[in-house]
Every structure is written in structure tokens, then in C-alpha cells.
Amino acid sequence: MAATAAVALGWGAFAVATAAPATAALPTAAVAVGDSFISGEGAGAYTAVADINGTSQGFPGWSAANNNAYFCHRSANASLNVAALSGIAARFNLACSGGQPHDIANASNTRTNGRLVASQLNQLRAVAQTHDIDVVLVGLGSNNSSFTFGDVATLCANRFIADAWTGWWEFWAYINGPVPQEPCTDADLASAAEVAAATTETTNALRQLITTLNEIDADGQHRIVFQDYTNPLPFDVYSSFIEQDGRQDDRDKFRDLGAERYAAGCPIHRASLAPGHRFSANLGNVVRNSHANLSAEFPGQDLVYLNVQRAFDGARLCENANSPTGALATPVRIMDGPSGTHITSLSGYDKIAIQRFANACVTYFQTCQESWHPNAAGHAVLGQCLAAAATTANRTIACIRNPNGTLTFQ
Numbered sequence: 000m001a002a003t004a005a006v007a008l009g010w011g012a013f014a015v016a017t018a019a020p021a022t023a024a025l026p027t028a029a030v031a032v033g034d035s036f037i038s039g040e041g042a043g044a045y046t047a048v049a050d051i052n053g054t055s056q057g058f059p060g061w062s063a064a065n066n067n068a069y070f071c072h073r074s075a076n077a078s079l080n081v082a083a084l085s086g087i088a089a090r091f092n093l094a095c096s097g098g099q100p101h102d103i104a105n106a107s108n109t110r111t112n113g114r115l116v117a118s119q120l121n122q123l124r125a126v127a128q129t130h131d132i133d134v135v136l137v138g139l140g141s142n143n144s145s146f147t148f149g150d151v152a153t154l155c156a157n158r159f160i161a162d163a164w165t166g167w168w169e170f171w172a173y174i175n176g177p178v179p180q181e182p183c184t185d186a187d188l189a190s191a192a193e194v195a196a197a198t199t200e201t202t203n204a205l206r207q208l209i210t211t212l213n214e215i216d217a218d219g220q221h222r223i224v225f226q227d228y229t230n231p232l233p234f235d236v237y238s239s240f241i242e243q244d245g246r247q248d249d250r251d252k253f254r255d256l257g258a259e260r261y262a263a264g265c266p267i268h269r270a271s272l273a274p275g276h277r278f279s280a281n282l283g284n285v286v287r288n289s290h291a292n293l294s295a296e297f298p299g300q301d302l303v304y305l306n307v308q309r310a311f312d313g314a315r316l317c318e319n320a321n322s323p324t325g326a327l328a329t330p331v332r333i334m335d336g337p338s339g340t341h342i343t344s345l346s347g348y349d350k351i352a353i354q355r356f357a358n359a360c361v362t363y364f365q366t367c368q369e370s371w372h373p374n375a376a377g378h379a380v381l382g383q384c385l386a387a388a389a390t391t392a393n394r395t396i397a398c399i400r401n402p403n404g405t406l407t408f409q
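Take the sequence shown: its letter number 358 is residue 357 in numbering that gives the first Met the number 0, and every next letter is one higher.
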């Protein structure tokens, strides 16, 4: 889009722009801020991103530093770009994969593992110089000072892979310390205290967003949609993914089953799924409570909470026999080094090779960061959810996928 390209040119371009005459109405805009579930991580068709110096960063190569602005992974297929938003002339995706509440008002690179991009509020101010902001989609809270979605996903997937390929007696695996192989529990993901801290951190950042919008929006009229998160995994795997070669995942070493679940996109213990869904519900509570707190604090603001926790019902990874085909989320995929070629099957690989693949994800996180995110089809669904949230007369709306693929809004 021309509007997106304009943002990618860098902030200096806006500094010399002539202000529109007071009598001229600015073109309307919808803007996305937040993290990977908003930026379009997993949806492909990633666009160039202006870095902290205003330099447009296209794909820098798989071995580049992960803090490169491009790896914000702003997708042309992101829900903001595909939603049917009546009356909107331009769309600006300012979200960044891995984004945290810190990044709303501060340059992301000023925190650990942040990317080289300006604060999202500064990027928003640049948009407001040329456009009247009418809709803001924000997804925030899955990454914060206490925990991040990527760390949680990596923890549970790695435990499953280690359990599948490494026997308890193989002491070589413990040379560098214990290799956890047990399923994830609630305590491994986020404690009640961490969720409470994340809620406070998210609420504070969103308060800054609201205050800034009130200062910069041309006509002072805008709707802010607070979207929460949907779990890419089912409550339990499809029956064909429960057992292989007479082995389930509650015994030691199950390579065939491990390879099957990896190929299907869900390398995770069945026992980890319920804690994972409780973690997702907690992320929903972070967003819901932030919305409630700020609605009370700013009673005149147009704030809508969009619950998408059931938007992928029936189409999660390993929920059907043909997974990952037909799923609305990206499977876990890793590379053998920064090669650009994802490994789709682990069959035939020994534990040494698999350890090498896992290490590539640690060293070059961009090689695996698309894993367990909404894909392009998933963002098409989330776009329908956003379109409903942009027009609802309610302050909260739930987007629920029906068995036939249609959506119900409650």
C-alpha cells in the first residue's frame, strides 16, 4: 500500500511535510500497534520497516542480527490490512513481532532483545501528521517484563523434543546441565504474580497510547480495539497423533511419535496442552482487565475489547488429521542453520542433528520465530473479527469460529 510505503521511507520525510490547511479534512487511517499477533508474524509477505534511523530495512538475510527492524515481520496479510473497514482510506501497521509494553513509549532497542525501531507512539505521531486516525488495533501483553510468548513456546516444544529423542539413561545429554523433558505445568508458564505484573505493565502502556491519541488525532474521534490472543494448539490432539509404534508421550523416548507431531506442527506433550490453554486465558485476562481499568479511567473513550480466544476453534494445529494443512496457525518449523529452508520432517534424524537444529533457533531466532502464530488464513479470520469490532455498538465482543468455518459474534 502507498500508505505503508510512506511510513517505510523513514520519519525524516514527515518532518518536512507541510501541515494541511485547517479547513482540509485529512484522509482517514486505521493503525495497528503491539506485538507479533498484530504485526502479522507467520502470515508471510513481510514489508520493509523503517529502523531507528529512518532507514528502510528489507530482508537482510537469514544470518543477520535478529534486532534488525525487518524482523518486526509486518505482513501485507496482517488482519489490519485484510479487514473490511468502511471509510478507511489508508492503513499503517506499526506493530512489531516481539513487541512489549515498553516499546509503546520507548525505542524498542533500549531494552534487552528489542529491535532497532522507534517507539510505536513516535511512529503513530508521524501518521497523525498526514492522516486522521479513526481505528486503532492494539495487541499487547503476551510479551512483557515477566514472560514472553516465544519463551513459553520454546520451553514446551523443547521439552517434548528432548523427551522424544533422549532417554533418561543417556547421560551425555546432561554434560551442560539437566535437559528438562517433563511436560509444561502452569508454574512453568506464568505465575499469578507475573500475570498481575503484566496487567499493570500493559495498562500503563495503553494509558500512554490513549493519552497520545487524544493529543494528536485530527478530530479527536477514534475507536481503539483491544485484541487478545488465540491459542494455536487444541485442547487435545487428534486421535491419530496420540500414539505411534505403540508409544505415547507419557513414556520415555518416542521418536516416531515425536516426528509425527513435529510434521503436523504440534511438537508438545498432551499434558502441556491444558496448562497452555490456561496461559492463553491469562493473556486474555491481561487484555480484558486492562480494557476494564482504562474504560473506567477514560469513560468518554471509544474502547472495545475483542476476544478472539475461540476464533480458531476446530482449525488449530493437530486438531484434525491432515494438520498442518487447513490449520489457521503456523506449525513449529526450524532450520539447519540460517539456510532459509525449513525442516518439515524430523524422521531419520538422530539426536545430534536435532540438537543442532534447535541451536540454530537459539542463535538465529528469525529462523523459527514464525512458529505457532496465525498464518495468512488465520489473519483473514482475525480480519473479520476486527471488522466486527470496528462497528459493534458494544464495549466487548467475542469472535467465535463455528464448525462450518463461519464466525459468530457475541
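It is worth saying that the hints were derived from the structure and are not from the lab.
None of the values given here were measured: they were computed from a predicted structure.
Any given hint could be a false lead.
Restraint ranges, calculated between C-beta atoms of paired labels, are given here [unchecked claim]:
id, residue 1, residue 2, range
1, 62, 210, 23 to 31 Å
2, 241, 54, 48 to 56 Å
3, 219, 270, 44 to 52 Å
Yeah, the Cβ is synthetic: ideal placement off N, Cα and C, and Gly gets one too.
Quick rundown of the hints versus the structure:
1. Against the hinted window of 23 to 31 Å, the Cβ-Cβ separation of residue 62 and residue 210 comes to about 41 Å, which falls outside the hint.
2. For the pair residue 241 and residue 54, the beta carbons lie near 50 Å from each other, so the given range of 48 to 56 Å is met.
3. The hint said 44 to 52 Å for the Cβ distance between residue 219 and residue 270, and at roughly 51 Å that hint holds.
Of the numbered hints stated above, the single one contradicted by the structure is hint 1.
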